[in-house]
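All chains should be modelled from the sequences, with the hints used to inform the complete structure.
There are 2 protein chains.
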Amino acid sequence: MELQKVLYMNGGDGEISYAKNSSLQREILGAARSVMKEALLDLYHAAGFPGMLTVADLGCSSGPNALTVVVDVVDTVEESCRQLDRSPPEFQLFLNDLPGNDFNSVFRSLEAFYVERDRRRDIRRCFIAGVPGSFHGRLFPCRSIHFFHSSTSLHWLSQVLSTIIVSISVPSKLQQHEVPLNKGSIYISDRSPPPVVHAYSTQFRKDFSDFLKCRSEEMVVGGRMVLTTTGRRALDPTRDEAHFYWDILSQLLMDMAEEGYIEEEKVDSFNLPYYAPSATELESEIQSEGSFSLKRLEIFEVPWEACQGHGDDDHGEPQHGFLPQKMTTRGQSMSNCLRAISESMLASHFGGDVLQDLFPRYSRVLEDRLSREKLTLPNIVVSLVRKP
Amino acid sequence: MELQKVLYMNGGDGEISYAKNSSLQREILGAARSVMKEALLDLYHAAGFPGMLTVADLGCSSGPNALTVVVDVVDTVEESCRQLDRSPPEFQLFLNDLPGNDFNSVFRSLEAFYVERDRRRDIRRCFIAGVPGSFHGRLFPCRSIHFFHSSTSLHWLSQVLSTIIVSISVPSKLQQHEVPLNKGSIYISDRSPPPVVHAYSTQFRKDFSDFLKCRSEEMVVGGRMVLTTTGRRALDPTRDEAHFYWDILSQLLMDMAEEGYIEEEKVDSFNLPYYAPSATELESEIQSEGSFSLKRLEIFEVPWEACQGHGDDDHGEPQHGFLPQKMTTRGQSMSNCLRAISESMLASHFGGDVLQDLFPRYSRVLEDRLSREKLTLPNIVVSLVRKP
Numbered sequence: 142m143e144l145q146k147v148l149y150m151n152g153g154d155g156e157i158s159y160a161k162n163s164s165l166q167r168e169i170l171g172a173a174r175s176v177m178k179e180a181l182l183d184l185y186h187a188a189g190f191p192g193m194l195t196v197a198d199l200g201c202s203s204g205p206n207a208l209t210v211v212v213d214v215v216d217t218v219e220e221s222c223r224q225l226d227r228s229p230p231e232f233q234l235f236l237n238d239l240p241g242n243d244f245n246s247v248f249r250s251l252e253a254f255y256v257e258r259d260r261r262r263d264i265r266r267c268f269i270a271g272v273p274g275s276f277h278g279r280l281f282p283c284r285s286i287h288f289f290h291s292s293t294s295l296h297w298l299s300q301v302l303s304t305i306i307v308s309i310s311v312p313s314k315l316q317q318h319e320v321p322l323n324k325g326s327i328y329i330s331d332r333s334p335p336p337v338v339h340a341y342s343t344q345f346r347k348d349f350s351d352f353l354k355c356r357s358e359e360m361v362v363g364g365r366m367v368l369t370t371t372g373r374r375a376l377d378p379t380r381d382e383a384h385f386y387w388d389i390l391s392q393l394l395m396d397m398a399e400e401g402y403i404e405e406e407k408v409d410s411f412n413l414p415y416y417a418p419s420a421t422e423l424e425s426e427i428q429s430e431g432s433f434s435l436k437r438l439e440i441f442e443v444p445w446e447a448c449q450g451h452g453d454d455d456h457g458e459p460q461h462g463f464l465p466q467k468m469t470t471r472g473q474s475m476s477n478c479l480r481a482i483s484e485s486m487l488a489s490h491f492g493g494d495v496l497q498d499l500f501p502r503y504s505r506v507l508e509d510r511l512s513r514e515k516l517t518l519p520n521i522v523v524s525l526v527r528k529p
Numbered sequence: 142m143e144l145q146k147v148l149y150m151n152g153g154d155g156e157i158s159y160a161k162n163s164s165l166q167r168e169i170l171g172a173a174r175s176v177m178k179e180a181l182l183d184l185y186h187a188a189g190f191p192g193m194l195t196v197a198d199l200g201c202s203s204g205p206n207a208l209t210v211v212v213d214v215v216d217t218v219e220e221s222c223r224q225l226d227r228s229p230p231e232f233q234l235f236l237n238d239l240p241g242n243d244f245n246s247v248f249r250s251l252e253a254f255y256v257e258r259d260r261r262r263d264i265r266r267c268f269i270a271g272v273p274g275s276f277h278g279r280l281f282p283c284r285s286i287h288f289f290h291s292s293t294s295l296h297w298l299s300q301v302l303s304t305i306i307v308s309i310s311v312p313s314k315l316q317q318h319e320v321p322l323n324k325g326s327i328y329i330s331d332r333s334p335p336p337v338v339h340a341y342s343t344q345f346r347k348d349f350s351d352f353l354k355c356r357s358e359e360m361v362v363g364g365r366m367v368l369t370t371t372g373r374r375a376l377d378p379t380r381d382e383a384h385f386y387w388d389i390l391s392q393l394l395m396d397m398a399e400e401g402y403i404e405e406e407k408v409d410s411f412n413l414p415y416y417a418p419s420a421t422e423l424e425s426e427i428q429s430e431g432s433f434s435l436k437r438l439e440i441f442e443v444p445w446e447a448c449q450g451h452g453d454d455d456h457g458e459p460q461h462g463f464l465p466q467k468m469t470t471r472g473q474s475m476s477n478c479l480r481a482i483s484e485s486m487l488a489s490h491f492g493g494d495v496l497q498d499l500f501p502r503y504s505r506v507l508e509d510r511l512s513r514e515k516l517t518l519p520n521i522v523v524s525l526v527r528k529p
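Protein sequence lines correspond, in order, to chains D and L. Using the numbering used here, you'd call the opening residue of the first sequence number 142 and step up by one each time. Using the numbering used here, you'd call the opening residue of the second sequence number 142 and step up by one each time.
Nothing false has been slipped in among the hints.
Some but not every residue of chain D turned toward chain L, in silico, with C-beta under 10 Å:
| hint | residue |
| --- | --- |
| 1 | E231 |
| 2 | Q233 |
| 3 | F235 |
| 4 | N237 |
| 5 | S246 |
| 6 | I264 |
| 7 | A270 |
| 8 | R279 |
| 9 | F281 |
Pulled from the structure, derived: some chain D residues nowhere near chain L, Cβ distances all over 12 Å:
| hint | residue |
| --- | --- |
| 10 | D154 |
| 11 | L225 |
| 12 | S303 |
| 13 | P336 |
| 14 | V362 |
| 15 | T379 |
| 16 | E382 |
| 17 | G401 |
| 18 | E422 |
| 19 | E424 |
| 20 | S432 |
| 21 | F441 |
| 22 | P444 |
| 23 | P501 |
To be clear, the hints were calculated from the coordinates, so they are not data collected in a lab. Glycine included, C-beta positions come from ideal geometry on N, C-alpha and C.
Okay, here's the thing in structure tokens:
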């Protein structure tokens, strides 16, 4: 599976689109907004109010969240300029995601943004471009970006882990065997043996380190970066909070294998290219990569019920022309949310037909769980400064 | 008709896609290539070999031509660096088109480009971004672009002309009436009265002047710009060469109106937002806008038969993964080429059903005309320098 081709949020604006099932991610953006604003204004003031600010949002996705960050960035700086009685800068705003992302729908939603901005000022100050590519590699020229932002994206690994080399001692020599990484499970589970956890955390550390290295090359000295990622509170990655939702999906896939709908080998060979790091892991990798100093780290939780959107609490206003989703149960909403982000990979591995059966089961089990417990998703936000 | 929403080349890679019907435009790119290379190298050397070159292609479209310019730009500069034994610069390459353009297919075709480039060098030097928006307005921050390029795009006007105000003297006062601009025709024709020609040429001059003004703000001093546009040799815009293909389409639409398939008023109220300027018009507008000096102007013609593509002459190699079109008659190919660029607007005005009947008629008439005459499309290429 070539991950760059099959990892993307569901496009368009249908029932299972990311556009209609991303209110959890909007909640996360909202919770980290004050950290983002603080870093952005620090940067803008420390850089001596440059005439042009270059900002990139990595993993922008599509749908109503895609423009949230650029709107926040521009509003925050312009408001500060009003208070200081300064001319606002021009903004070069880059929206990045993998090439499979639905950039067409993002680009078509820009018109409303520009109309609104141009109405407020007689000259255009915001210039938006789309950048397709993996943030595990270079995306921008050297020293060209002032401010990087990324939300709910860094938990995606650069590759799918599928097998592991196991060494077995037999008389007189060491034999090496390639075996499925994680039998009967699609992510780290309570039963995962140490080599599984090691493979995942090693891949995450390598990916995060590559990410930091690339950004440090692309960034001006003194540039700022705010990253929000799904994470975990516990040090131990096998603890339930970090993966219960993937555990349930694993179990349902194994049920379907027992019922003969899919091959068990298919479940064994699939591992979500995903890792929910702990704060300690993030800190340690930032320190060892060495290009950035850590200004702030916060852990916060959002309730999984946020998948259902805000409805009237959100003033009933559709954002950027996207209508809110129709009424669903909490279980359906959580299932749709997880489907919108994982369908591209699951369909590519198991085939689309399997999903028609899988996700209704998933929503029933999630509904049952949500009726018994208040479930939350831990997130970690870090604010970094590019060292001189 | 909101032009920005309905003017786009046919997306995807189907039979009537721009991707499969743009070999004429590829021929034009090839014919103007030497002018582009000369301007680019002049710029790169005059600017003292900067570490980063920022280049924008305006009206990139989709399909195999979309990356042709960026490939040419990078190859030209890297070849020059090899000859001079210099390190090549980094390239920030912007692909611009209207928001309706199929950027998704362009972005998905980038992988092959990057794989090829990354194979040649161990570090990435080319960074490609997509910029949706109209080049009749601002697209980039001030002083941020070294080199602009545009091919077969500037003949598109910023708006559809549909009515004209006619003043009529009646005893004691002047009455003003709004009448359809161009009855029975979708573009300037041999029979067009002076007000029609005046309305088109005035709109073109305003659009081209706005274009020059925006680019002059976005460009570094000494920056270069190479523009290729469909044009005409004759000073008189009613001369046949500039519009015979739209004349035929007008006549077929009027035939269908007579047969009762469409309302005549629909034909009267539709005018292609298109203008083929003369060299004199371009020169005069460049001079009066004043930001650029004209280094070179050339007129060249490409045969309409180039619509059929190169087949084996082109080494049978599909470009950027797009397969060449299947065998068609010359009339069909020319009809498909004109359909791929105008379908979005025609369908929006007349409805999609009309086109199913219209274009087979069009290809038969064009086939007849091509069998009797060698028909060519005049183009004008200008090379400009941003004045200090």
